[in-house]
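**Q** Now for the letters of each chain:
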Amino acid sequence: MLLLIFAVLAGWMADTVNNPAAAIVVNIDNDAPAEIFIQVGKRRSISRVRFRVDADDVGSGNPVNGNRSIDIQLFIRAPAANPLTGFLTVDSSTPLNNGSGATIPVSEISWTSSSPDIPSGSFAGTSSQQLASFTSSVEVSDRHTFSYKNRNVYDAGTYNGQVTYTWFAP
Amino acid sequence: MVRTLGRLLLLLVCLQALPSQAQRLSDALSPQQQINIKFDWKHQTAGDELDPKEFNAVVAHARNVDTRLDTSDFVDTQARIFLELPVQVRGLNNPQRLSVSWTTNGLFQNGEVTPGNRRLIFEGRITEPVMRDIFNFTFEMDARFLSEMLRLEPIYEIEIISP
Chain A
1 MLLLIFAVLA GWMADTVNNP AAAIVVNIDN DAPAEIFIQV GKRRSISRVR
51 FRVDADDVGS GNPVNGNRSI DIQLFIRAPA ANPLTGFLTV DSSTPLNNGS
101 GATIPVSEIS WTSSSPDIPS GSFAGTSSQQ LASFTSSVEV SDRHTFSYKN
151 RNVYDAGTYN GQVTYTWFAP
Chain B
1001 MVRTLGRLLL LLVCLQALPS QAQRLSDALS PQQQINIKFD WKHQTAGDEL
1051 DPKEFNAVVA HARNVDTRLD TSDFVDTQAR IFLELPVQVR GLNNPQRLSV
1101 SWTTNGLFQN GEVTPGNRRL IFEGRITEPV MRDIFNFTFE MDARFLSEML
1151 RLEPIYEIEI ISP
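These protein sequence lines are chains A and B, in that order.
Residues 1 to 170 (the working numbering) are what the first sequence spells out, left to right.
Residues 1001 to 1163 (the working numbering) are what the second sequence spells out, left to right.
Simulated from the structure, these hints should not be mistaken for lab results.
None of these values were measured; they are calculated from a predicted model.
Warning: the hint list may mix true and false statements.
What the hints assert, rightly or not - Calculated pairs, DSS-like style, for lysine-lysine (alpha carbon to alpha carbon, straight line, at most 30 Å):
{"hint": "1", "chain 1": "B", "residue 1": "Lys1038", "chain 2": "B", "residue 2": "Lys1053"}
{"hint": "2", "chain 1": "B", "residue 1": "Lys1053", "chain 2": "A", "residue 2": "Lys42"}
{"hint": "3", "chain 1": "A", "residue 1": "Lys42", "chain 2": "A", "residue 2": "Lys149"}
{"hint": "4", "chain 1": "B", "residue 1": "Lys1042", "chain 2": "B", "residue 2": "Lys1053"}
{"hint": "5", "chain 1": "B", "residue 1": "Lys1038", "chain 2": "A", "residue 2": "Lys42"}
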């Protein structure tokens, strides 16, 4: 009787170890490319900010806010096996000019950020001022409000200029 | 002595009455044994409306996977069949960051599973020695936890409900 019991138990236990190996194997490689993206202001256009300085306030040192804020969105993403670091720089090396030879350095303009991702600051008037760096994977959405410092007296007129943001991952 | 033997017999009867343990089904009859696919970003145009998980989501598809399970030992039994993923997946830092979903042509049920878990795909009487269905798999994970190529070996298990 004891032998019979053992045989039944052994048979019951044998069922639990009858495990043929899996046959189908799925290999998944990573083909997701590293990506960076930036959008400053409106998509596919140059966004303008205007500063209007009243004649009796020129050079007073009272900052003049721009007429609008600019949204900056950027992201960098890459698989964990190949992380990336991206750098945000701005070129403000070309002064604003009135078309008649008078210029105002872009360093007379500062900005306040809505988030600490891209800190508040002033344009340096250089060709490659680093504003921030981020390591993948990050999404950043920031809003910059610009201000003209209004510290000096310049010839009357309309001054135009352009700054260019560059977002790159070496 | 007689009372002891009686208890042993009763124990045996109880053990036999329990649902049988899961047994692995061979899928070696399936024509394609190696499936090589690639992850790509789930959202090609990322934006700030995506949460971090979706922003980093990658997907891969294995379509028309002809799956044939050897059920010859279980014909005319009432059974449940499960699809299981091992908890250890090579190339995956965090098992919970991978999900596998599938649709079928109807013999087996659609479903979704994560590593270390299993999902019921069939319940009923086994009538054929080979059960065949076409699976369309979708593999999705967070790329932040993808350290190298993933190697997955889905497991098919059967539990006998009644002979």
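**Q** All hints, please: hold or fail.
**A** Hints versus structure:
1. B:Lys1038 - B:Lys1053: holds (19 Å)
2. B:Lys1053 - A:Lys42: At roughly 26 Å apart (the allowed maximum being 30 Å), Lys42 of chain A and Lys1053 of chain B satisfy the hint.
3. A:Lys42 - A:Lys149: Judged against 30 Å, a Cα distance of about 25 Å means the pair holds.
4. B:Lys1042 - B:Lys1053: holds (11 Å)
5. B:Lys1038 - A:Lys42: violated (34 Å)
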